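Let chain C serve as the given structure and place chain S on it in line with the hints.
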Amino acid sequence: MRHFLIMTAFAALAAIVFGAVAKDKNNDRLMYGLKVFAEFMVIGLVLSWILYFIPF
Amino acid sequence: MTTAANRQTGSESAPAKAWLMGLAGWLVPGLGHLLQGAWGRALLLGGAVWACFISGFMMGGHLYKYSGTDQGLAGLAQIPPMVGDLGAGLLYIGCWFMGIGFANTPQQAALPTFEYAWTFMLVAGLLNYLCMLDAFDMAAGRKS
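Residue numbers (the working numbering), protein chains in the order written: chain C, 1 to 56; chain S, 1001 to 1144.
Rather than coming from a laboratory, the hints here were simulated on the basis of the structure.
If you're wondering where the values come from, they're calculated on a predicted model, not measured in any experiment.
For glycine and all other residues, C-beta sits at the position ideal for the given N, C-alpha and C.
There could be a bad hint or two in this list.
Restraint-style ranges between C-beta atoms, simulated for each label pair [claimed, not checked]:
#	chain 1	residue 1	chain 2	residue 2	range
1	C	30	S	1068	39 to 49 angstroms
2	S	1107	C	24	39 to 49 angstroms
3	C	3	S	1080	39 to 49 angstroms
4	S	1080	C	34	26 to 36 angstroms
5	S	1071	C	45	20 to 30 angstroms
In isolation and in its complexed conformation, chain S is listed as follows:
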């Protein structure tokens, strides 16, 4: 198939650089754009994701992880928000290694900002998935 035909069908394979940029963008929000010299976008997108995650953390939010201790649907219900939180890349992994941000105590749940807080952290991960795809598309030449 020719390049023009590939473009029309959208079936062209992405170069390795694009996968690398996507990975970098997922690991550190904004890094995928920064490595491509898109400073403004890196600052804007990375800044928004970092601000969302940190403000959620400071408001007393918690991250989700699949613990395996909950049985049945309660255990499975932990997986979708965990996938969302995992979008924050090293922010999530760092919290996991340091053992912070996963506590879900009654005192924490009593905070007036608790529901907002974990939502902010979840949305930070989901927004970073969008940023990661944007960095991938830029590196693949599908976007300017």
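Okay, chain C solo, but in the shape it has when bound:
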């Protein structure tokens, strides 16, 4: 659980910065930030499950 919370915190902090600096309009910034957050989370979870099944 601790690992997941740390990953969530990392994704949120990075998404805030990426979202805030990337676009010109606030709505676009929000959507981009949410997209980056979702990408971090999904890719993190997929990678963790892949690594879980690798025996070495």
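Leaving out everything else, chain S in the frame of chain C:
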């Protein structure tokens, strides 16, 4: 070259204020935006960088510095993460002066959060480089 042509080629020179804002943004995360009156962005960007650095510090992370004691590639390998950590500006310099955050003891390395922690501190520096460039662009009039 005219101003319009400069804008098209992106070759216009930035005013001194932009360099100053970039420097302020690097030294203190969020300050570059704060000095330009962008309170919301300063709070959001500065807050994210500060939170990333402090949480990494509290989880037992360590900062990198080039010590010169390691020979060959081991010594050179310290430079890229040091450049990343240095992005946190005064947070890094302050830790350096106070001699905290650079220890890399076996007890610290045994912490379950150790790998996360130094990554958080490294990423705080890298994110602050982005914030610094954003403050520079705002001051140069390239961004609203």
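Checked hints:
1. At about 46 angstroms, the CB distance of residue 30/C to residue 1068/S agrees with the hint of 39 to 49 angstroms.
2. For residue 1107/S paired with residue 24/C, a C-beta distance near 48 angstroms keeps the hint of 39 to 49 angstroms intact.
3. A C-beta distance of roughly 25 angstroms is found between residue 3/C and residue 1080/S, which places it outside the suggested range of 39 to 49 angstroms.
4. The hinted range of 26 to 36 angstroms is satisfied by residue 1080/S and residue 34/C, whose Cβ atoms lie roughly 31 angstroms apart.
5. A hinted range of 20 to 30 angstroms for the beta carbons of residue 1071/S and residue 45/C is inconsistent with their spacing of about 41 angstroms.
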